[in-house]
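Q: Please work from the sequences and hints to get the whole structure.
In the order they appear, the protein sequences are chains F, L, G, U and X. So for the first sequence, this note's numbering puts the first residue at 78; every next one is plus one. So for the second sequence, this note's numbering puts the first residue at 2; every next one is plus one. So for the third sequence, this note's numbering puts the first residue at -9; every next one is plus one. So for the fourth sequence, this note's numbering puts the first residue at 1437; every next one is plus one. So for the fifth sequence, this note's numbering puts the first residue at 5; every next one is plus one.
It is worth saying that the hints were derived from the structure and are not from the lab. Errors might be hidden in some of the hints.
In silico PhoX-like links for lysine-lysine, alpha-carbon gap of 25 Å or less [claimed, not checked]:
no. : chain 1 : residue 1 : chain 2 : residue 2
1   : G       : Lys297    : L       : Lys94
2   : X       : Lys163    : U       : Lys1573
3   : U       : Lys1555   : X       : Lys163
4   : F       : Lys138    : F       : Lys344
A few chain F residues facing chain X, derived, Cβ under 10 Å [stated by the list, open to error]:
no. : residue
5   : Glu122
6   : Gly174
7   : Lys176
8   : Phe195
9   : Arg212
10  : Glu216
11  : Val293
12  : Gly295
13  : Ser337
14  : Ala343
15  : Glu450
16  : Val454
A quick note: this is a predicted structure, and the numbers were derived from the prediction, not measured. Just so it is clear, CB atoms sit at the ideal spot from N, CA and C, and this is done for glycine as well.
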Amino acid sequence: MKRRNFLSYLTAGLLALAYLPASAQEPVRIGLDAVLTGPGANNGERIREAAQWAVDLINEKGGVALPDGSKRPFELVVVDDQAKPDVGLSAIRRLVGDKSIVAFMGPDWSSVTYPTLFVGAEAGIPQFTSSVAQRITQEGHKHIFRARSTDTDWMGALADYLVKQEGKKKLGVTYANNEFGRSGRDVFVRILKEAHGLDPVVELSYAVGDKDFTSVAGRMIQSGVDVVVNLGNQPEGALLVKDLNNLGFTGLFAFNSADSIFLDLAKSNAEGVVGPLSWVHTKPDDKSKAFNEAFQKRFKRDPIGHSVIYFDAVNMIVDAIGKVGPSREALLKYLKSLDTWAGVQGTYHPSAPTGDMIHASVVIRYNKDLVPEVVSVRD
Amino acid sequence: MTTPLLHVADLTKNFGGLTALAGVHIEVRSGTIHGLIGPNGSGKSTFINTVTGVIPPNSGQIVIDGRNVAGLRPNIVNAAGIARTFQNLRLFKAMSVLDNVLIGEHRHMGYGLGSALTMRNGEAERHVKDVAMGLLADVGLAHRAEAISGSLPYGEQRLLEIARALATQPKLLMLDEPLAGMNPTEMDRVVAILRRIVARGVTILLVEHAVRVVMSVCDRISVLNFGRNIAEGSPQEIQGNEDVVVAYLGRRRHVA
Amino acid sequence: MSRHHPFYLAAILAAIVIPPFLSDYSLHLVIMVVIFAILTLSLNLISGYGGLISLGHAGFFLIGSYTSALLSVYQGWPFWLSMPTAILLTATSGLLLGFPALRWTGHFLAVITIAFGSIAQLLSVNWVFLTNGIDGVSSIPRPPLPGISLTSNVNYYYFVLICLAFIVYLMMRLVASGFGRALRAIKDDETAAACMGIDVAVTKVSAFVISAAIAGFAGALYAHYIRFLNPDSFSLDVSIRIFMMMIIGGTGSIAGSILGSFVVYVLPEVLRPLQDYYYLIWGVIVILVMLFLPGGLISLGSVLRAKMAARRDKLDPQVGSTETLS
Amino acid sequence: MLLESTNISGTPLLDVHDLAVNFGGIRALKNVHLEVKGGEFVALIGANGAGKTTTLKAILNAVTKASGEIRYRGQPTTGIPTHHLVRMGIGVVPEGRRVFAASSVVENLELGALERTPKGEASAIMASVFDLFPVLKERRGQMAGSLSGGEQQMLAMGRALMGRPELLLLDEPSMGLAPKFVDRIFEILSDLRKTKTTILLIEQNALMSLEIADKAFVIEQGRTVLSGRASDLIDDPKVAGAYLGRPEE
Amino acid sequence: MFFQLATSGIATGCAYALIALGFVMIWNTASVVNFAQGEFVVIAMFVALTCHVTLGWPLWLVLPIAVLIPALVGYATERVVIRPVIGAAEMTVVTVTIGLQIVLSDAAKIIYGGQPYSFPPLIEGRPLSILGIVVPRQSLVVIASMVVLAVGLHFLSQKTSFGKRLRAVSQDRETAKLMGIDVNRTIAEGFALSAGIAGVAGVLLAPIIYVSAGLGLPLLIKSFIAAIIGGFGSYIGALIGGLLIGVLDNLVGFYISSHYREVFTFLVLILVLLVRPQGLFPHHR
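A: Now the structure itself:
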């Protein structure tokens, strides 16, 4: 809700005032483009809050450190792409056009990220995205860093889990007709075939924004599948699992956005839902636990994968600025030469030629208490 | 002069269950001012609307200058030679006085779209403007050419409607209560204009409540009541016609 | 009119002189303003002058964009061939939409045009064979022009500015022509217009065809500027935004359409603190304009002047006296 | 029972003095005078287009008057909205009947009483309306739109009576009706007259109106040109002159 | 499966039907096509969400409030924004209500963000099985509510003084004045009622489709089409049209493709306009 943003602005403003005598210089700016209105605003709000939080934490420590040991205030410039490519293009141009912005994060939606790539490339600015679509990192752009595991990673994990651990053979695939859903479907179906020799019993797509999933659920049940794999966004996934349950579906529901936003919407229908995630707050390692605790303290609820992705991204940029200073060129060059960087999500490899920095993923399953239990981990 | 300019026969129009026109016959001779009168609800406005194609008739013939236009669209009827004014002033209020008249000339300047796109309409445009200014001068509105028509005083708006109708170069001009709301001076002015129009060879069909004027200006008068002709003749004949008196004043129930 | 000349001259001069000095981002904004101005002008032709509501102009925009983009990317047609084809195709779709507009006006037409825009968008999403679906069309080339590279945004700006100038000239001719007068007459009073010999059907359908063609032209300019198309860019929002631009700038005014596009597109960028609220603010302005300033922002100057003059002369402002029927 | 007739001796119930109305730029009325005393039956006659209906609209404040004064019960009506005037006791039978076509006969009558007559009394009044118009009783459940013109006219009259008007305004009740129905309507009007109801009848049908009215005003071209006792006017050639443009002398 | 789909379509169709009903009511009384009608649905949803989920108030208290508040907003918007344009050119009226739609939907977006929120079912429990058709309890609540509301509205319009005034104003505004009816007040109250009906639709839909700020316009368009298909101006037409659209949506989604759902809705609209422009249940004024 906006009140929270207002509060965070206020806090940031007050902090800035407090540090004014120490750092009267220009702040170091980084950009963020997210979906703040329209479908997908769920993720967008979480992204904004996580990135802002990371920036606030830096400022609480006196600002962003430069190579010479001095500190400067740190600022996040946020723009909204409404999940639309043309609006995204405008938004990204605005970020890139502001020469004081040294790196930016976003977009989140693949269909928006793809067309904005060449804007970032032209400007030679490091761009951190959480989009998963394959082609984003496969067209030779040198400035793009994917701060999240790829479809190949987590679809592989999901397929392994469903086929090997659960022993399911009759899979139905349904996906959102957007870049995210389509890319997930393509990769999942390919892996299913290549690694397990299986074909989906039925494939169905639906439109983003659909409200009634009786027809999709009906088709799935009629096809006699024992797993419905849904690849898409949280609201539609939550509606679909509700309709499946209503119609008496007894099989497994697997979903690639089964995070806490999904849980909030699906409520008790989430029980038993399986899903691959890049990160989950119940991940048992120390870094994840610490992050989860701090986040819980600050926001009074569970972080989602996007919280970590953008928190990590901010910190990676901060570390890089500490090494080479606030310059687009220097940052890009430095990051491209950085072999490993340890974040909350796992170990990143910024120097990966495609820009796919990380391959960590987990598969979770919601238990009776609606807690996502980690059932498989990949690094 | 033997064949009438307008020949309306058996004109019938029903609205739902209501018969507004029940087989009306009217012949308007070329070069005359023909009056059409009748009490409220007698079908005068329906007659004009039906003849000009605004509403289609149920049956009947409307022959203008040898061509049957019954049921055709208003622009076709206009092209066949009938122009009209409206009872409740239907000027293009947001447009200038001159533009209103130019609209009337619309048909005579080509369709306009082609020439607008090919950008070769300067000469034609100048010509139609001259014609329009001439018409405005005829009704005494030349000095108001650039004014927004909606801002004109009422009487001048009536005159503008007449000029606009004349711009379509009609053979027959149908005027629907052109004198409504005018003072005697203005009425005299309009009457003079009507006479000039007729003198130029345009025939007029005049629907009017100001019976005194109708009686003085018309060559012949038709009277409608309940959608039927009840009388036709010269003004004197009409004034003396018992049916007309009854139509207007009613009858006594008890003959005193 | 002549009173405004200094203002218009200054605006034209600014449009020519300033852009090379703008930042990349500002330049992007003004290019989009010019493209949207062309779109708004096309809507203004049928809505502002013709009184026919369209909430489906994003549909024409889409057809124009996709036609030109698909032909140049997949068929290798040069812009100078694909763009006219795009115009031809949108004009045809305008013809199809023009027929319902004969019969339906007002809110019915609003819904029919919404339906048209939505169907166009849904087809672009789902007719994957033709449109590439949600993957969109990428690597759309900039138009080739001998001697000048339009890959530079400054050059492209001047290119679209010339296109806008041409459309403005065309619109001025159209509005002043018999066709334009006929269109305005139909808006004022359809029956009276018909009785003056105007073929209402032909005029309305022609207006739709021309409007669609201009919107298609804007679409082609957009496609070859932005170089990536995706169905998401052509939603009902876009139609409503164009509609707002027309209303806020001033219906039935060429300068108003351009001003409206500029104000609606650029102001939120300038007033960043208001960014979250800008749609709300535009909504409020749309209502205020309809209630108090039917001529839109472009008429603000003359309305204020009239008010002041009226106060000076101690006369009532010359606003048409309206009958109060309680 | 049907109508409450109040007779404030001396003060007219309705007094229209020097009324002028501009309508759509037309000076539709000028110097219109009209006076209706309690219990009187007054006719306002004139050819079509003379300004009768505009006068009625001015009385009801449905058009703004340019000058002049209208008093109802001695009180100026300026600024009182139409529906308040109706609640103050002016019942109207509008031109063209204007019945609520998609409602039944009974519903139409109920609407006439809705804002003006206490619930308990409405059914008694309806019974007396049915006495006056037996045909309405026969068709009580029928949709008003399906009635004949004459029946609709009766319904409109009954509907106005349902509000127990102090002053009943009838606008062209005979217009568009076949002669048989015109006679019937005038019979009903003379019945109403016998009850000493205060009535202002606006009619084109001059002779019939003058036969039953106490007093009449003749308007031509938007001004009152004649007034006096109806029985005097009925033989006055000037009345016909006002209609047919016959020379006045 | 056909009956399963139809049954589930009827539930969403009921919501369209209610919105269309309010929409038609405003059209009939004030000749205003209200593009902001869908926003009253959204207002009710967010009021319910805030009171029930955030503040934890019980449903019996929340539901009346959630219907009342949009009704008040409807009343206020009529007084402030709509009344000045009643009787103006249709383009002006449509534009004003579009402006209103933008303002109301964006206000919701500013306050609540664009994301969906879940709303608990009005009635708990597993879906029922009736003649082999699975019916979620929530759907039964929706269908029952619509029936109760339709009957209630019928009673209101036939028996109450307000209903009679409303019907008189819908039939003939000028003559209604001659009956002593305060037409302006009746129109404002009609607005409030229709917004309240939309509010009921909002409360019923909230658990089914989640609550989010952008819902108003899509819902409005669906209901608008429902009203046209039913016969613009006819209440029974609005109800039947809404149900038809709901059922059609599901059947097309199942038998043809869920992508073409919307296309079919629009095609049916166009078909009706071409073949039977007066709609299935023509409305006579």
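Q: Each of the hints needs a verdict: does it hold here or not?
A: Status of each hint after checking the structure:
For the proposed pair Lys297 of chain G and Lys94 of chain L, the alpha carbon gap of about 21 Å is at most 25 Å, so the pair holds. For the proposed pair Lys163 of chain X and Lys1573 of chain U, the alpha carbon gap of about 20 Å is at most 25 Å, so the pair holds. Our distance criterion of 25 Å between C-alpha atoms is met by Lys1555 of chain U and Lys163 of chain X, whose separation comes to about 13 Å. Simply put, Lys138 of chain F and Lys344 of chain F have alpha-carbon atoms about 38 Å apart, too far for the 25 Å limit, and the pair is violated.
Hint status for Glu122 of chain F: holds, given a least beta-carbon distance of 6 Å to chain X, under 10 Å. Evaluation of the Gly174 of chain F hint against chain X yields a violated restraint, the C-beta minimum of about 25 Å exceeding 10 Å. Given hint, Lys176 of chain F at the interface with chain X, is violated; its Cβ is 30 Å from that chain's nearest Cβ, farther than 10 Å. Given hint, Phe195 of chain F at the interface with chain X, is violated; its Cβ is 27 Å from that chain's nearest Cβ, farther than 10 Å.
Taking 10 Å as the C-beta contact cut-off toward chain X, the hint placing Arg212 of chain F at the interface is violated, the least distance being around 22 Å. Against a cut-off of 10 Å between C-beta atoms, the interface hint on Glu216 of chain F is violated, since the closest Cβ of chain X lies about 27 Å away. Annotation: interface hint on Val293 of chain F holds; nearest CB of chain X at approximately 6 Å, less than 10 Å. The interface hint given for Gly295 of chain F holds, since its Cβ lies 5 Å from the closest Cβ of chain X, which is under the 10 Å cut-off.
Checking Ser337 of chain F against chain X: minimum C-beta separation of about 12 Å lies over 10 Å; hint violated. A cut of 10 Å between beta carbons decides the hint on Ala343 of chain F: the least distance to chain X is about 7 Å, and the hint holds. Proximity of Glu450 of chain F to chain X is violated relative to the hint, the smallest CB-CB distance being about 22 Å (cut-off 10 Å). Because the closest C-beta pair between Val454 of chain F and chain X is about 29 Å apart, greater than 10 Å, the hint is violated.
The structure does not agree with the numbered hints 4, 6, 7, 8, 9, 10, 13, 15 and 16 stated previously, though it agrees with the rest.
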